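Asks: So you can see what is in the structure, the chains are spelled out below.
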Amino acid sequence: MHLLRTLPNYGLKLTSHFKQIENVTSKGSQQVSTPAAPLRVLLIDNNPERAQLVEEGLAEAAIVQTKSQVHGTELLNLIAANQPDVIIVDCNSPGRDSIESLRTVAQNNPKPIVMFVEEENPTGFQQAIEAGVSAYVVDGLTPKRVKPVIDVAIARFKVMNDLRSELKKTKDDLAARKVIEKAKGILMDKRGMTEEEAFIAMRTMSQERGIPLRDIAETVISVMSLLNE
Amino acid sequence: MKKNENVTIGFARLSDCASLAIAQERGLFDKYGLTVSLKRYKSWAAMRDGLASGVIDAANMLAPMVVASAAGIGPYPDLFTTACCTNQNGNAITVSASLFQNIQSISPETALRRPLSAHGLKHVVDVRRATGQPKLVFAHVYHYSMHAYLLRYWLASAGIDPDRDVELVVVPPSQMVDSLRSGLIDGYCVGEPWNNAAVLAGLGRTLITSAEIWSGHVEKVLAVRTEWAKDCSEVHLSIIKAILEAAAWIDHPQNRLTAAEVIASADYVDAPLDEIVSSLTGKNRQTGGNLRVDMPDFNVFHRYAANFPWQSQAKWILSQMVRWGQLDTKTNFNEVARAAFQPDIYRQAALELDISSPTIDNKIEGNYSHAWLLEEATSPIAMGCNQFIDGKLFNPDKIQEYLNTFPQVDPVTSSK
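Listed in order, the protein sequences are those of chains A and B.
Residue numbers for the first sequence follow my numbering, so the first one is 1 and each next one is one higher.
Residue numbers for the second sequence follow my numbering, so the first one is 1 and each next one is one higher.
It is worth saying that the hints were derived from the structure and are not from the lab.
Take these hints with a grain of salt, some might be off.
As the list claims (entries may be wrong) - Here are a few chain B residues that face chain A, going by a calculated C-beta distance under 10 angstroms:
1) Tyr-41
2) Ala-46
3) Ser-53
4) Gly-74
5) Pro-75
6) Ala-139
7) Val-141
8) Val-170
9) Pro-172
10) Ser-179
Owing to the predicted nature of the structure, the values given are computational and were not obtained by experimental measurement.
Note that beta-carbon positions come from the ideal geometry of N, C-alpha and C, so glycine has one too.
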């Protein structure tokens, strides 16, 4: 049976199976100097921009095949036909359940596939999950060979996450500014305040009540429209 | 006033999220001092990772995933436990309309009996092999799931070797109907509404429900991290109490339709009510290929002590893991079952709600073809039928003897 290790926080468990491979490879890597064939990576991601980013990052280190919207039997056939060494897949992809079935039932797939759990740096696994990456590797593959590929994937996923949150923040800021401008306009119009007075009034209220300025502005807008009607 | 505890609970787009949905919508979590966010997952692996890494505190998870963790298999050994089952039954096996036609024409007599045995399908499998046609492909939802074990059980009970005579694959529940439509798979075992959706679309026929393969089987459980259950025992008890109260409410027949309406909404299963409704009301369900019957126990949420985590049910799951080569025969069944299913925590929650709970941890599974009364309980509990399609009994103290009653086949595994 394939027993993988748990997350470090919950008690690290090395299986005899994995240990064995480690021992063999740490000895072997000293003697063998010929470079191994590039890893074959199957990248499954429904987000085309992120997939491109990851693919570019991996181009030098691996042969990458990228697929999106592939599920169930199609995915399993794809894996059987291409025999990838590493499968990198969005953490939330439903395809993961199909991939994980290749661990125990291997009659059609000569290479059993196991979830990648990082060896030396146990927090790496947690980071991968947080970045939204999950990776499956052919059982028995040297962790040392796989790690750089997975590190690149994690890094690129993170870049995409950062870009997204930045974009969201920019959009939110812009939306907030519009609301505040509108509320200021209403206060100036209906209450005869100057622009500065209107802003200070709302900001003071925001600070005193511990409510975001945007929410105060929204309240001003809705109350004023109520009073007008 | 004491501040509510914030809790996040994971669930999947399936009818058996009903207890969570009702606990949330009827304010029961709040009643027990919890502010709950529900997080919907598209993948069991993602839900498991979410629970393992602490993104969520609890999950409405496949019972065998918890048992697998307790047994030390999979990426998170000894990490998960449960003290509360969230439903019994609720799955079904559906095949494409053309495969059903095929079964009917090759073996008309088997298609008339209910529960429908897989002997008709066996004839089809034999004919296909003799004529050099490819193997039929059957899907289930995860390799540690009741769907996998009950599909395998049903196939094997008619002499079909699930590892050699057909091809078994894993397909996400919401992709089942599309996969059947495009001919990628010939049949599947899944929870609702994904059987009914294929039936209503005219794409498939439900041959048998999981309640007809093993009535009263555990399906989903409230999975938590074992450490968390110790550290946050009060919060854990509160979640269980809210679920018990919601489950009791759902099991009143007059509430089932309302429950169906709630879970059909965009926040939960997000599917048309007509696809969902029969999985909750049990009315006019298609099974046996051709039949329409009322099955009030198609999904059981609370009655028959359905929420009690029976050691014997955890052990049955372990027996199937051994049977199909996922787990070593040398496993200490008692120890693993105790780590996976924790009845004492359940009893504590039940006591606080004045709900009767069993005073025994194990029972003989498969022993009841009719309703019965469980006397070994804080007050007697009305129980439903509990039997296997092949009439076998599962004695949790004699697992090896039980396994010996099945024809010995070398399990196909990835072990070298």
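Asks: With reference to the structure, classify each hint as holding or not holding.
Replies: Status of each hint after checking the structure:
Interface hint at B:Tyr-41: satisfied, since its Cβ lies 7 angstroms from the closest Cβ of chain A, which is below the 10 angstroms cut-off. Below 10 angstroms, beta-carbon pairs count as interface contacts, and B:Ala-46 has one with chain A at about 5 angstroms; its hint therefore holds. Satisfaction of the interface hint for B:Ser-53 is found here, the shortest Cβ-Cβ separation to chain A being roughly 5 angstroms, below the 10 angstroms cut-off. Restraint check, B:Gly-74 versus chain A: the minimum CB separation of about 7 angstroms is within 10 angstroms; hint holds.
Interface hint at B:Pro-75: satisfied, since its Cβ lies 4 angstroms from the closest Cβ of chain A, which is below the 10 angstroms cut-off. Below 10 angstroms, beta-carbon pairs count as interface contacts, and B:Ala-139 has one with chain A at about 7 angstroms; its hint therefore holds. Hint status for B:Val-141: holds, given a least beta-carbon distance of 7 angstroms to chain A, under 10 angstroms. Annotation: interface hint on B:Val-170 holds; nearest CB of chain A at approximately 4 angstroms, less than 10 angstroms.
Evaluation of the B:Pro-172 hint against chain A yields a held restraint, the C-beta minimum of about 4 angstroms falling below 10 angstroms. Taking 10 angstroms as the C-beta contact cut-off toward chain A, the hint placing B:Ser-179 at the interface holds, the least distance being around 5 angstroms.
Violated hints: none; the structure is consistent with every hint.
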